[in-house]
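So you can see what is in the structure, the chains are spelled out below.
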Amino acid sequence: MPVLLAPEQAPTLQTLLAQANVAGLDCIPVETKDAAQPRIRGLGSLLSAGPDEISFLSNPKLQSQLQQSGAAAVIMTQAAFDTLEAGSYAFRPVLCSEPYLMYALLAQWFDSHRLNNLPSGIHDSAIIAPTAQIAPGVAIGPHCVVEDGVRIGRGTRLGPGCIIGANSVLGADCLLHGRVTLYHHVTVGDRAILHSGCVLGADGFGFAPDPRQESGAWAKIAQIGGVVLGNDVEIGANTTVDRGAIENTLIGHGVKLDNQIMIGHNCQIGDHTAMAACVGVAGSTVIGKRCTIGGAAMLSGHLTLADDVNVSGGTAITSNVSQPGRYTGVYPYAEHVQWQRNAAVLPQLGALRRRIRALEKQES
Amino acid sequence: MPVLLAPEQAPTLQTLLAQANVAGLDCIPVETKDAAQPRIRGLGSLLSAGPDEISFLSNPKLQSQLQQSGAAAVIMTQAAFDTLEAGSYAFRPVLCSEPYLMYALLAQWFDSHRLNNLPSGIHDSAIIAPTAQIAPGVAIGPHCVVEDGVRIGRGTRLGPGCIIGANSVLGADCLLHGRVTLYHHVTVGDRAILHSGCVLGADGFGFAPDPRQESGAWAKIAQIGGVVLGNDVEIGANTTVDRGAIENTLIGHGVKLDNQIMIGHNCQIGDHTAMAACVGVAGSTVIGKRCTIGGAAMLSGHLTLADDVNVSGGTAITSNVSQPGRYTGVYPYAEHVQWQRNAAVLPQLGALRRRIRALEKQES
Amino acid sequence: MPVLLAPEQAPTLQTLLAQANVAGLDCIPVETKDAAQPRIRGLGSLLSAGPDEISFLSNPKLQSQLQQSGAAAVIMTQAAFDTLEAGSYAFRPVLCSEPYLMYALLAQWFDSHRLNNLPSGIHDSAIIAPTAQIAPGVAIGPHCVVEDGVRIGRGTRLGPGCIIGANSVLGADCLLHGRVTLYHHVTVGDRAILHSGCVLGADGFGFAPDPRQESGAWAKIAQIGGVVLGNDVEIGANTTVDRGAIENTLIGHGVKLDNQIMIGHNCQIGDHTAMAACVGVAGSTVIGKRCTIGGAAMLSGHLTLADDVNVSGGTAITSNVSQPGRYTGVYPYAEHVQWQRNAAVLPQLGALRRRIRALEKQES
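Residue numbers (this note's numbering), protein chains in the order written: chain A, 62 to 425; chain B, 62 to 425; chain C, 62 to 425.
There may be inaccurate statements among the hints.
[Stated by the list, open to error] With a straight-line Cα cutoff of 25 Å, these simulated SDA-like cross-link-like pairs (lysine to any residue) come out:
| # | chain 1 | residue 1 | chain 2 | residue 2 |
| --- | --- | --- | --- | --- |
| 1 | A | Lys122 | A | Tyr150 |
| 2 | A | Lys122 | B | Pro270 |
| 3 | B | Lys281 | A | Leu123 |
| 4 | B | Lys281 | A | Val230 |
| 5 | C | Lys281 | C | Glu308 |
[To be verified] Here are some chain C residues pointing at chain A (derived, C-beta under 7 Å):
| # | residue |
| --- | --- |
| 6 | Pro63 |
| 7 | Gly85 |
| 8 | Gln169 |
| 9 | Pro221 |
| 10 | Lys317 |
| 11 | Gln321 |
| 12 | Arg351 |
| 13 | Ala357 |
| 14 | Val391 |
| 15 | Pro393 |
Since the hints were made in silico from the structure, they are not lab data.
Heads up, the beta-carbon is just placed ideally off N, CA and C, and yes, glycines get one too.
Turn these sequences into a full structure, and let the hints guide you.
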């Protein structure tokens with residue numbers, strides 16, 4: 062459950078809407094008879110928010126929850142507000158053309174209280190190479206290791222136990238949660254958010270058959286490329302982005318990767334592409350801008366996906382996708398016995414097609 | 062191979078059966094002519110166990126291995142014992158109605174020797190916030206970090222390099238292996254076992270389209286909910302459980318998660334549900350009690366699964382499951398060329414059905 | 062992008078070919094009119110390599126890039142060289158029967174400069190148990206933890222934050238990147254490369270139903286086996302290999318595992334088998350030698366795969382594979398609407414087959 066601000070820290074609704082970074086968003090509290098400005102201690106869902114919390118309605122399916130809401134204020138569109146019967150609700154409506162975005166910004170604002178209290182400075186137990194260049198205002202947590210030649214930009218924060226490999230670069234205002242690992246020569250832009258357990262720059266999976274050894278043995282191909290992330294990238298917990306074989310692996314601006322994703326060596330991911338958890342992208346695949354890749358989807362190597370491609374969760378993409386659109390390839394589940402019965406026909410599909418053809422010939 | 066106790070530490074069979082935590086289990090050594098009580102130094106499989114080890118038979122397929130077993134004693138059901146020809150075996154039979162459970166309890170007993178030797182106390186290199194409340198008897202390993210406001214219950218042990226984020230709570234008698242990460246405001250019940258690399262409380266994957274920025278750009282939705290685990294939960298290595306967007310992500314009592322599982326934000330998992338490795342559960346999905354989810358299964362978001370649902374490995378669940386039972390959806394593998402031939406018919410299935418209908422009309 | 066050696070460190074082409082570990086490889090620079098020996102500062106791709114870099118041609122599809130290459134020298138086969146028109150290229154050809162292997166060895170050679178500069182000795186912040194046996198020449202990075210009874214072989218290097226559990230063994234000349242975790246009683250051969258976040262020896266997923274507790278509750282089966290890796294194994298970032306229930310989990314010589322792979326307890330993987338990322342292998346499965354397992358493939362438990370089996374990416378192997386060959390089972394993706402239309406027929410496949418049979422009977 063979200064933490065509430067202490068009452069004395071809580072802003073009035075008016076102040077909250079002004080303080081939150083809502084530049085460019087229209088956001089108008091509806092005048093109510095109750096002129097009192099409620100203090101807003103936090104943000105809750107329609108059903109959980111109490112009389113000192115703000116809530117929002119963005120999913121039309123939840124409209125019926127409005128009347129039950131005990132929130133102090135609820136953000137909604139004008140259209141949703143028009144459906145409300147006067148006197149049927151106790152909260153103060155706030156009209157906004159983008160209630161979901163408004164919610165995002167308010168959640169950021171409330172979370173900023175926690176973020177602003179994160180420790181500052183360099184913890185005594187951190188091991189910082191003398192050749193590392195640490196900008197002013199950088200916070201480095203306990204047991205971090207910052208190796209030779211690293212550069213860290215102003216305002217960036219490292220949680221406990223991060224490792225920044227030799228000659229890697231972190232831009233300004235990044236937030237690394239605990240236990241993030243960058244290998245050597247990994248470059249991260251500004252405002253990155255890197256979650257615990259993610260590993261940037263591990264060796265790509267490169268081996269050459271080595272006929273000089275016993276049958277089947279592999280020679281390692283040292284991975285001498287790097288990884289370069291643009292600005293405003295978020296990388297989820299335990300996600301891995303491998304370094305390039307020779308060239309760099311490239312992650313564009315504004316890319317969002319969820320947890321436990323694997324990006325192979327030499328992939329290129331276009332700006333603002335978002336991937337849900339457990340996706341695997343094999344090496345050298347190039348993904349366009351503004352794509353969305355559903356959870357547990359799998360992309361083969363050496364492919365090209367156009368801009369604005371949406372891959373459904375669980376789908377294996379095994380060839381180039383040159384047109385925007387939504388692509389799917391998931392075996393529909395069923396009760397086990399039914400599945401067994403139908404799946405048993407799959408190996409006969411070619412034969413069944415031939416039998417239909419034969420019947421058609423007999424008919425004609 | 063399991064470690065054997067030193068002979069002088071090894072209990073007699075009688076003592077072992079008495080000491081092991083087998084309350085409620087009938088467990089009767091069959092009287093043999095050899096009145097000597099063998100000393101039991103460890104637990105092995107039927108074929109590997111030596112004359113100072115105990116073994117068990119729970120899988121009827123392994124019954125034929127009995128005669129070859131060199132174990133000192135073998136736990137089995139009365140039914141299995143009845144099939145044994147007198148004089149055809151060298152071990153001492155131990156009759157038990159639940160030999161597999163008995164094996165589990167004996168393995169725990171032998172492993173407890175190792176666990177009891179784990180280091181105690183708080184290691185000098187651990188960084189403990191002054192506001193953290195550490196109960197008596199807690200062990201905290203080297204290079205751990207325990208942040209502000211954390212509470213750790215009595216008897217809980219942290220391996221090396223664990224991070225317990227601000228205001229998180231660990232119950233009593235938990236075992237955290239090395240390098241476990243809890244973000245802030247994560248609550249864990251009693252007797253949890255958390256494996257290396259697991260991450261509890263990383264941000265859920267929440268973004269709102271932000272039309273104020275360039276096309277396709279995302280605004281982060283700060284994740285201000287928490288994670289709450291019940292008692293007796295085990296979480297595997299490198300598994301991730303994300304914190305809720307607003308409400309908490311909830312893991313019930315006795316839930317067992319294998320390695321590399323991903324639980325999205327706001328999921329709720331019912332008591333005693335078990336998931337094999339590599340499962341992904343997208344956000345806000347609610348899973349009932351006593352479910353089993355096979356390895357690499359994938360559950361879409363915002364679904365509800367009833368109690369007692371069994372999902373086969375590799376299956377994608379993409380809609381609500383309201384009835385108990387086993388559900389499957391796996392593409393049957395074949396030799397590649399055969400697969401190619403049959404898979405090529407899949408995009409024509411709708412057309413084939415129409416052709417069959419046309420033939421049927423002509424027939425009638 | 063690969064780092065270039067300083068000009069004064071760069072070898073001549075002749076020296077490079079002699080110094081690189083290319084024993085057994087024919088590798089002959091073609092005599093050119095330009096007798097000057099270029100200095101080679103690094104290795105690049107055909108299109109990116111500059112006048113002080115060497116490149117290679119192994120993929121025939123890239124042959125057309127040769128004429129555009131600005132590399133100082135290009136490794137290629139005699140056959141590729143024979144297609145080059147005299148005067149159409151500016152680089153110095155180097156003939157080799159195995160250009161891809163030659164590239165691998167040269168990349169190793171260039172990377173060795175970085176590896177040789179890794180810190181040596183035992184960092185002050187590492188915690189080493191007095192009973193650990195550390196061979197001469199071992200490097201142990203900051204914040205490592207080496208527990209009781211560990212043995213580490215000569216020349217092995219541990220990056221920052223590694224944990225080596227009690228009684229584990231590392232062979233000689235291993236390279237552990239930062240944040241590798243070995244539980245207790247894990248044995249690793251010589252020359253292993255272990256990447257960040259990998260976990261060897263976490264508990265296998267073993268539970269017995271416990272009728273003494275409430276319905277559905279599980280008793281933990283303590284995992285008292287170990288993990289044993291052969292020589293020349295590479296394990297990718299965030300990959301997990303679980304310890305055996307009773308016997309050991311076994312990884313053969315020369316096995317290469319990519320990132321985020323899960324190997325269940327008691328698996329056995331044959332020599333030189335390679336697995337791409339995100340593969341899951343359930344417990345007790347035995348895989349032969351020289352197999353290749355494509356990314357995100359899933360293998361059920363208790364199976365046996367023969368030697369020289371190739372599993373395609375995304376394929377679920379659910380039964381024994383007794384013959385070498387390539388096996389596939391992937392649902393072909395399509396535009397979403399097309400997929401919907403065809404997938405809807407899958408639950409009717411059995412019925413369709415019956416309808417075809419009925420039609421055939423009427424015909425006959």
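Here is what the structure says about each hint:
no. : hint                  : result
1   : Lys122/A <-> Tyr150/A : 18 Å, holds
2   : Lys122/A <-> Pro270/B : 19 Å, holds
3   : Lys281/B <-> Leu123/A : 22 Å, holds
4   : Lys281/B <-> Val230/A : 23 Å, holds
5   : Lys281/C <-> Glu308/C : 17 Å, holds
6   : Pro63                 : 4 Å, holds
7   : Gly85                 : 4 Å, holds
8   : Gln169                : 5 Å, holds
9   : Pro221                : 4 Å, holds
10  : Lys317                : 6 Å, holds
11  : Gln321                : 5 Å, holds
12  : Arg351                : 4 Å, holds
13  : Ala357                : 4 Å, holds
14  : Val391                : 5 Å, holds
15  : Pro393                : 6 Å, holds
Checked against the numbered hints given earlier, this structure breaks none of them.
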